[in-house]
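Please build the complete structure, drawing on both the sequences and the hints.
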Amino acid sequence: MNVVVCMKQILDPEIPTRDFRIDAARKEAVRGSANLVTSIFCENALEMALQFRDRAGGRITAVTFGASAAEEVLRKSLAMKADAAVLVLNQARPHPDPLSVAAVLAAALRKIGSCDLILTGRESGDWGSGQTGALLAENLGCPCISFVDEIEASAAGVRVRRQTDFGFESMSAQLPAVLTITNNERNVPRIPKTRDVIASHRQPITRWTLADLGITTPELPAGAPYYEVAELFIESRESRCQFVTGDTPEQKARAFAERLAQAARSC
Amino acid sequence: MMDHAGATREVYWNISHIWLMYVLFFISIGVASAGLYRRIAAWRCGLPVHRSDHPLRRFGFLLKHALAQARTLRDSDARIFHTFIYAGFLILTAATTVVLIDADFHIHIMRGSFYLYFQSLTVDVFGVLVIVGIVVAASRRFMTRPRKLVYTREAGILLLLIFVICATGFLLEGWRIAATHDPWAAWSPAGHLVARISQPLMSEPALRSANAITWWIHAALVFGFLAWAPYTKMLHAITAPANIFTAWLEPIGAILPPVDFNNSEVFGAKSLAQFNWKDLLDLDACTECGRCDAACPASRVGKSLSPRDLILDLRGIMRGHVPADGNRDGPAMLQGAPPARWETVTIAGGSPSTGAESLWACTTCAACMQVCPVFIEQMPKIVGMRRYLVMEEADYPPELQAALSSIQARGHPFRGTSFSRVEWTHGLNVPDSSHAAGADVLFWAGCAGAFVERNHSVLRAITQLLERAGVKYFILGNEEGCSGDLARRVGDEFLFQQLAERNIETFRRYHVRHVVTACPHCFNAFRNEYPRHGGRFQVHHHSEYLARLIQEGRLSPVRQIRELVTYHDPCYLGRQNGIYDAPRSILQAACAHPLREMKEARDVSFCCGGGGGMSFVDEPRDKRVNQERAGQALATGCDVVAVGCPFCVTMLDDGIKSRQQNRLVRVSDVAEILLQATE
Amino acid sequence: MFGARGFDRSAQGLLGAGRDLADRLQAQLAVVCLGPCDAQLLSALEHIADEIIVADQPELASYNADLYLGALQKICAEPRPRAILLGNDTYSQELVPRLAYRLAGSAAGDVTAITVESGCLRVRRSVYGGKAEAIIALKRSPAVVGLRARAFAPAAEGTRSAPGHHVSVDLPDTTTRLLEHTSASAGAERLEDAKIVIAGGRGIGGPEPFIRLQQLAALLGGQIAASRAACDAGWAPPSLQVGQTGKKIAPELYLAVGIHGASQHMAGVSDAKVIAAINTDPDAPIFKYCSFGIVEDFRKVLPILHEKLSSGS
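Protein chains in written order, with the working numbering: chain S, 133 to 399; chain U, 1071 to 1749; chain B, -13 to 299.
Just so you know, not all the hints are guaranteed correct.
Computed far set for chain U versus chain S, every beta-carbon distance over 12 Å [as the list claims (entries may be wrong)]:
no., residue
1, PHE1159
2, GLY1386
3, SER1421
4, ARG1457
5, ALA1479
6, PHE1489
7, GLU1549
8, GLY1561
9, ARG1672
Think about it this way: if two alpha-carbon atoms lie no more than 27 Å apart in a straight line, the pair counts; the simulated DSS-like pairs of lysine-lysine are [stated by the list, open to error]:
no., chain 1, residue 1, chain 2, residue 2
10, B, LYS286, U, LYS1727
11, B, LYS60, B, LYS181
12, B, LYS125, B, LYS60
13, U, LYS1373, B, LYS125
14, B, LYS286, U, LYS1693
15, B, LYS274, U, LYS1727
16, B, LYS274, S, LYS384
17, B, LYS125, S, LYS384
18, B, LYS294, S, LYS384
19, B, LYS274, S, LYS159
20, B, LYS60, S, LYS384
21, U, LYS1373, U, LYS1134
Since the hints were derived computationally from the structure, they do not count as laboratory data.
Just so you know, even glycine gets a beta-carbon here, dropped at the ideal spot from N, CA and C.
Put into C-alpha cells, the structure is as follows:
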C-alpha cells in the first residue's frame, strides 16, 4: 500500500497579530522575523498516514511543491519516519493558485508511480482555500472524501470517518482515493525522536523541477489563470473592551454577570 | 594526687583463647571486605569521569564535610545525636587501635596520663555520648517518626546493635573494675558506676564470669557489626568520605554534562549502564537521612517526587533487586563489565520515584544536592532520565512538547504571546545591533522578559539604569534566540545544542565580549554551558552588573524605599551560581530599612516552582510550589518581595495573588527597586 | 441548495446573495434543489428565483458527492451559468472546487462578499488565519462560489412567481459509499443558528467544565462551542469547533471562556455582534475583540453567572 502525503510549508501562523504585515504590492504576507513551518493539517495528515501504516503496513512518501526551503518540511517528515520524500521545486511565482498546485502534484504523483492513498490537509494555514486536495482528486480521476479524521484499511479499499456539521459520517471509498484530513484529539502530530532527527539529515530527498515533470510553461500549467489575488489588506480593529472592576473576584463576577444578562436580554 | 606513671590495665585480663578473637576478627574483616569489594566492583561498571582534579581543594572538602560534618550540623534535628554517635565511633575506634598497638605491636602507649585522660576518661565519656545519641535517634525513629526517614528493620537493628555494643562495653568494663578493684576506676566514670552498682550484688567469681561472657558477646557483636556494616547503610562510613572527596567542585549550575550525539549508543540515562562511576558511588553513599526530600519543593507541597526514593530505588537496581530477575549479585559483577542485567533494566518508569509524575515534577532547583551531607547528585540523574524520555522515546508532557515545538518553530517557548522581542522597547531609545560596534556590553533580554508583559518593566528598568550609568550597550532584538536553558532542563539536549550554536554564531558576528542577562537561566547557560560549545565571552547577571555600577559610583541610589523588603534567592542565581550578595547589596543601597530574610534563604532558598519547565506545566491546585513560597514570603511581614528572575516574578506574583489576605504585597525585580531609588 | 434542509437561514442568505448578484449582472437567478423539496420550500423560493430546478430523483435522496456532482454538472452544462453559488456547510465545501474543475471554471470558498468588476466576479474572503482579507478575482466562468451564507442578507420577497420543474439526469457510478451517520451530542438547534453561544477553550482545562457551560447556555437559551485547542484535547466533539477550520458563526452574543483569542479562532466568530470574555490573562488577544470582559478565573465567575441568570433578574 503506497501512501502519499502532500504537504505545504507556510509562514508561521502564530506570529503575534501586531507583527503581521502585508506587502500590498506583492500581495503576500511579509516574512519579517517569522519562521517557516509545516501547515498544521498537513502534519495531521502525515500523522494519520503514520498511524495507518502502523496498523496496515505500507510505504509513506511525503511530497511538497515549494521553494527549496520546503526541504525542512520533508526532513521533519522523514524524522517522523516517513519512508521517502520528494520536493518539487517551485521556481515560478510564490503563491500559485490551487488548480496549478493540484496539476503539479498530480504530475509528481504520476511520476512516483503507484499511489494507493493520497492524503492532504483540508486547507493550508496561510491562504486556506481548501481546494487543492479536491482538485487533485479531480485531476487524478480519484474519489475524494473531505474532513477525514479516521482511516482504516478495508477489503473494498478504505473505510474512513469524516466530520460533518452535525456529527460524523462513516464512509468507504475505492482506491486510489484522495482524502483531505482535519484535526481531532488523536491525530496530533507526533514529536520525532532525536535519533530520527539526526538520521533524517542523512536520508536522500528526491528533487524534481517542473521540467522533470514535463511542465514547461514558465507560468504554471492549467491554461488560463484560475484566479488572481486582486487585493490583500489588513482590516484594522480598535479594541474597546470594558473590563469589569471590583475589589474582590465575587464583586467583579457580579458586575460581569450584570453586563452579560443585559447583553443577553437584548438578543 | 597519685602518680599517673603506672596507670594502665591488663589487656585481655580474664580472657583466654585470645586466638579465637583473632579468628573472628579476620573472618569479619573478610566478610566485610567481600561486601566492600562487591560494591567497588559495581561502581567500576560505571562510565569514566574525572573527579580527582584539585586534590588539595578536595582534601579541604573532606576535612570540612566528612570530618567536621559541616552539612550535618546545619539546621537538622539530627545534628546533635549524629555528632555524638559519629564522634563516639571515631574515639572508640582510636581507642581500639591504641589497644592493638599496645598489645599486638608491643609499643606500650597505653600507659600513664595518656591512658587516664584518653583511654579511660575520653573513651568513657564518648561511649556515654554514643548511648545518648542512640537513644535520641531511636526516639526520633520510633516515636516522632518524621516523614523524611526511611523506616526499615535494618535501621532499627543497627541502632539496637550499637546500643548493645556500648552497653556491653560498659558492663564488662564495670565488672573488670569491680573484680580487680581498679585504682584508676574514677577515670572511667561510666564503668565505675557499673562497678559500684554491681559490687554489692555479685561475688568475685560472678564478676569474673560475667566479664568474660560479656567480653565475648561484646567481641562477637563488634565483629558482627563490622562484617555486616558494608551490607547496610553503615557503608556510608566509607562511601560518604569517598563521595565527598569526589564531589562536584564547580557551581551546581555547571553540573549537567553535554551529550556527544555522534558517539552515544543511548541519549540520556536509559539504564544504569549510562551512569558513570561517580553516579553509582552516589547511590551507595546514601545514608537514608531524607534531607533531600525535606528540602525538595515538589516533595514539600505533596507531589510524588522524592529525591531520596529515587536514589534508593536506583541503588536497589544496582544491587540486583530487579523484580523480574531473581538472580542476585553473581560473578558477572566482579569482572568490571556491565552485567547484562543492568542494561535490560530501563530505569525511567520502573518505580513511582522514577515514574513520569515524579520526573516531570522536578524544577531542577538542586536543593536536594545542596542539603545532602554526603554530596549525592540527585538532580542530574533526573535530567539524565528526562533526556532519555525526551530524545529517545519522545515521551513527555504535552505542555513541554508544545513549549519545545514552539522554540523550534518560532524561537521561543511562549506560544500564543501577542508580543515580539522588541515590544518592550517602545518609547525608549534602546540601541539596537547597529550600535554593536561601539558597545561594551550586550544586554540579553531573554524570552521570559520579552514575551511576558509583566516583565517588560524589568527590562525597561535595566536599560534605563544602564543609560544613567553611561554604559555603552546594545540589544539584539529579534536576532536573539532562545538561550536553550528550558530545552536543556527538560532534556532535549539536541535542541539545546542547536540553539547554543546559533546564538554563539550571532555573538561571533557582532564580536560580543561581554553579555549582561536579565534572566538567571540565560545567565547560567551562557556562563556554565556555552563555553563547551565555543562561546567565549564574559557573562554577568543584571544584579551583579548593577551592583558593580553602584560600587563604582556610576549609579547613586538613595536609600529611599521605605517599604519592608524581603529577597527571594532565585535558584539559578543563588544556589547554582553562588550569587547571593550582589542583589542584596543593591537592596541595601536602595532601601531605608534592613532586609528581612526568609528562613529558607541563600543557598537553601526555596524554589519559586518555575524552573525545569515547570512554569509551563499545569499543576494540581493544591500542590503548587509557588504558593508555598509565597506563603513563606508573606510570613516575613514584608511589603515587597524582591527577586532577580523573570520566572520568579511571575510565579511569585501568582502565588501571592492566590494567598493575599488584606495587605497589599508586590513582587519586584531588584532592578525595578533600584530604578525607583535612583529617580 | 439541499432541499432536505428547507429554507433555513443559510438558504435565505444564499438566495439573498444570488438575487443580489443576478440583479447586478442583469441575469437570471436559477435555484437548483437537490434532494427532496417540499411545497413550503418551493413557495418560499418562487418569489425570489427566476427559475427553480428540482432534482429529486430517488438516487439523490441523500447526499453523495459523485451523484450530486454528476447531477450539477449535467444541469449546469446547458444554461452555462456565469456563477454558481453554494453555502459553506460541509457538503458544499467539498463540492465547490470539484464542480469548478468539471465545468472548467474557478472556485473560491468561505466568501463574505461578492462584487462584479468589468464583468469579472471578485470575492472577498479572510486569509492568513483570519489576520488579513483578500479580494480574489475569479478569472474563469462559471465562478463557483461557496458563501458564508448566514453573513448575507435574505432577499426581499419579490412579486415574481418562478416556474419550477423537475429534472431527471443520468447519474455516474459512485466511488464512495456512506456507511453510517452519527450525530454528535444533542443540541436541537444548529450552532450556526444560535443567537447566544458560550465557548470554552484551552483555559477550561478539561471536559467537565463544559457541562457547566452547557448549563449556562441552556439558561440563556443558547448553545455551547469550543476552540480548536479544546477539541484537540478531546474535551469537546469536533462539531462544536468554531474557528477558521470549524464552524463560522455570527451570534448576537458570544461569550469566550478560557479562550486565548488567536486569529484562527476569531476568524470563526468575528461577525458576532457582541463578544465578551472570561480569561485570567489580561493580555489575551481575545479582549481586543470584546465589548466587555473580566480578568478572573472562570471557576470563580461561572457560579455567580449561574446564580444571577437563573434568578431571572
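Inset, instruction - Give me the numbers of the hints this structure contradicts, sorted from smallest to largest. - result: Violated: hints 4, 5, 6, 7, 8, 11, 13, 17, 20 and 21.
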